[in-house]
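Q: Residue numbers (my numbering), protein chains in the order written: chain S, 1 to 234; chain L, 1001 to 1125.
Treat the hints loosely; a few may be bogus.
Said to hold, decoys possible - With a cut-off of at most 30 Å between alpha-carbon atoms, the simulated BS3-like pairs for lysine-lysine come out as follows:
hint	chain 1	residue 1	chain 2	residue 2
1	L	K1088	S	K158
2	S	K94	S	K158
3	S	K158	L	K1080
4	S	K94	L	K1080
5	L	K1077	S	K147
6	S	K165	L	K1080
7	S	K98	S	K186
8	L	K1088	S	K56
9	S	K169	L	K1055
10	S	K98	L	K1055
11	L	K1055	S	K104
12	L	K1080	S	K229
13	L	K1077	S	K165
14	S	K165	S	K186
15	S	K186	L	K1088
16	L	K1055	S	K147
17	L	K1055	S	K158
18	L	K1088	S	K229
19	S	K165	L	K1088
20	S	K94	L	K1055
21	L	K1080	S	K128
22	S	K98	L	K1088
23	L	K1055	S	K165
24	L	K1077	S	K156
What the hints contain is simulated information worked out from the structure, not anything from laboratory work.
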Amino acid sequence: MRSVLIGLALAGAVSFQSPALAGGGEADGFLAERCSTCHQLEPPANPSLVVRTERKGPPLFYAGNKFRREWLEAWLQAPARIRPAGDFPPAHIKNGEKGDEVDKASLIDHPVLPPGEAAMAAELLAGKTANSVLIAAEAFEPVRISKRMGEMDFVKFKGCAACHKDTPKYGGVSGPELYTAWQRLKPEFITSYIRDPAAWEPRTLMPNLHLQTGAINKLASYLKLIGEKEGRGQ
Amino acid sequence: MRVRIILGAVLAFILANPGAQAADPDSGEALYRAYCVQCHGRDGQGSGLNAAHLKVQPRNHTDRAEMSARTDAELFKAIKFGGQAVNKSNLMPNWGGNLSDSEIHDLVAFLRQLCCQGESTGVGQ
Chain S
1 MRSVLIGLAL AGAVSFQSPA LAGGGEADGF LAERCSTCHQ LEPPANPSLV
51 VRTERKGPPL FYAGNKFRRE WLEAWLQAPA RIRPAGDFPP AHIKNGEKGD
101 EVDKASLIDH PVLPPGEAAM AAELLAGKTA NSVLIAAEAF EPVRISKRMG
151 EMDFVKFKGC AACHKDTPKY GGVSGPELYT AWQRLKPEFI TSYIRDPAAW
201 EPRTLMPNLH LQTGAINKLA SYLKLIGEKE GRGQ
Chain L
1001 MRVRIILGAV LAFILANPGA QAADPDSGEA LYRAYCVQCH GRDGQGSGLN
1051 AAHLKVQPRN HTDRAEMSAR TDAELFKAIK FGGQAVNKSN LMPNWGGNLS
1101 DSEIHDLVAF LRQLCCQGES TGVGQ
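Construct all of the structure, not just a fragment, from the sequences and the given hints.
A: Listed below in structure tokens is the structure:
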């Protein structure tokens, strides 16, 4: 009788495993089937300018190094636009009255995933860690910084606001918004990407400002400050 | 023997001075359309997507008078090391970590097409 109960318990454990944990073809094929049209799931063999210009979404082969898993799972169920002008902004420009404008009609909205698929995708993507070496080289140390000084650093001294927004109302539109960066990105990804963007993507559109570690920690600490406030709905 | 020495010297010069090779404005245009139009605009007139958010307006690359006053070396320096390197705004970042010297020379060649039908100032090269 006891062996029967153990057998039933084992069978139950197996049947309640998530599809991702179960492994096999279904889970392996999920990312390829649902994500690979727009996202790179493996490092491109030839990361040329043409490959970059034709890309539809950010690469995911290092998603596990980049995203906070819990944020990713929630975002996939209610995807809000992070890149105001898409992944390759020059492909989404139209003429406006005062100059170029974002051609919003040309932007592709990310599909909404049901909770089960979002959990599966987040789990599978957490395993995409092609750039773990870059993460291991980082050790983010928060520094005390006031919002006013952080903003001045971000906008004026480093010029980040030329391409990025640090509030929903202020900043450039060609880069991803950064007022929720702290909620979605791992701290060591933030510092590593600022330190050497081309190490992550050879044809990145983000310049390398050659900043020292102290300056990088200062910028990341500002993103932490505004991200935590944004997360509290302030 | 003399021919070999001359060929060797020419080869060494080319390898040591990538900018000495003929810059390719077509390659420069492809780079411009990927890296520069966000701020300088699709038509190069300085009205890019980000321009409305910038406190200092991006350079109008079609302004012949303004661009003719800049040497190729100055344009190269501004692209590679950023606006501050030529006493301009730091909102123009340094692209030396993204683009090779050869690619920056290609960009300069395209800028000359954009502003001045390919004429170079010939100064400071």
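Q: Compare the structure with each hint and give your call.
A: Hints, one by one, checked against the model:
{"no.": "1", "hint": "K1088/L to K158/S", "in the structure": "holds, 14 Å"}
{"no.": "2", "hint": "K94/S to K158/S", "in the structure": "holds, 28 Å"}
{"no.": "3", "hint": "K158/S to K1080/L", "in the structure": "holds, 16 Å"}
{"no.": "4", "hint": "K94/S to K1080/L", "in the structure": "holds, 28 Å"}
{"no.": "5", "hint": "K1077/L to K147/S", "in the structure": "violated, 34 Å"}
{"no.": "6", "hint": "K165/S to K1080/L", "in the structure": "holds, 25 Å"}
{"no.": "7", "hint": "K98/S to K186/S", "in the structure": "violated, 38 Å"}
{"no.": "8", "hint": "K1088/L to K56/S", "in the structure": "violated, 34 Å"}
{"no.": "9", "hint": "K169/S to K1055/L", "in the structure": "holds, 15 Å"}
{"no.": "10", "hint": "K98/S to K1055/L", "in the structure": "holds, 16 Å"}
{"no.": "11", "hint": "K1055/L to K104/S", "in the structure": "holds, 24 Å"}
{"no.": "12", "hint": "K1080/L to K229/S", "in the structure": "violated, 36 Å"}
{"no.": "13", "hint": "K1077/L to K165/S", "in the structure": "holds, 28 Å"}
{"no.": "14", "hint": "K165/S to K186/S", "in the structure": "holds, 19 Å"}
{"no.": "15", "hint": "K186/S to K1088/L", "in the structure": "violated, 34 Å"}
{"no.": "16", "hint": "K1055/L to K147/S", "in the structure": "holds, 20 Å"}
{"no.": "17", "hint": "K1055/L to K158/S", "in the structure": "holds, 13 Å"}
{"no.": "18", "hint": "K1088/L to K229/S", "in the structure": "violated, 34 Å"}
{"no.": "19", "hint": "K165/S to K1088/L", "in the structure": "holds, 22 Å"}
{"no.": "20", "hint": "K94/S to K1055/L", "in the structure": "holds, 22 Å"}
{"no.": "21", "hint": "K1080/L to K128/S", "in the structure": "violated, 33 Å"}
{"no.": "22", "hint": "K98/S to K1088/L", "in the structure": "holds, 24 Å"}
{"no.": "23", "hint": "K1055/L to K165/S", "in the structure": "holds, 14 Å"}
{"no.": "24", "hint": "K1077/L to K156/S", "in the structure": "holds, 21 Å"}
Hints 5, 7, 8, 12, 15, 18, 21 from the earlier list are contradicted by this structure; the remaining hints agree with it.
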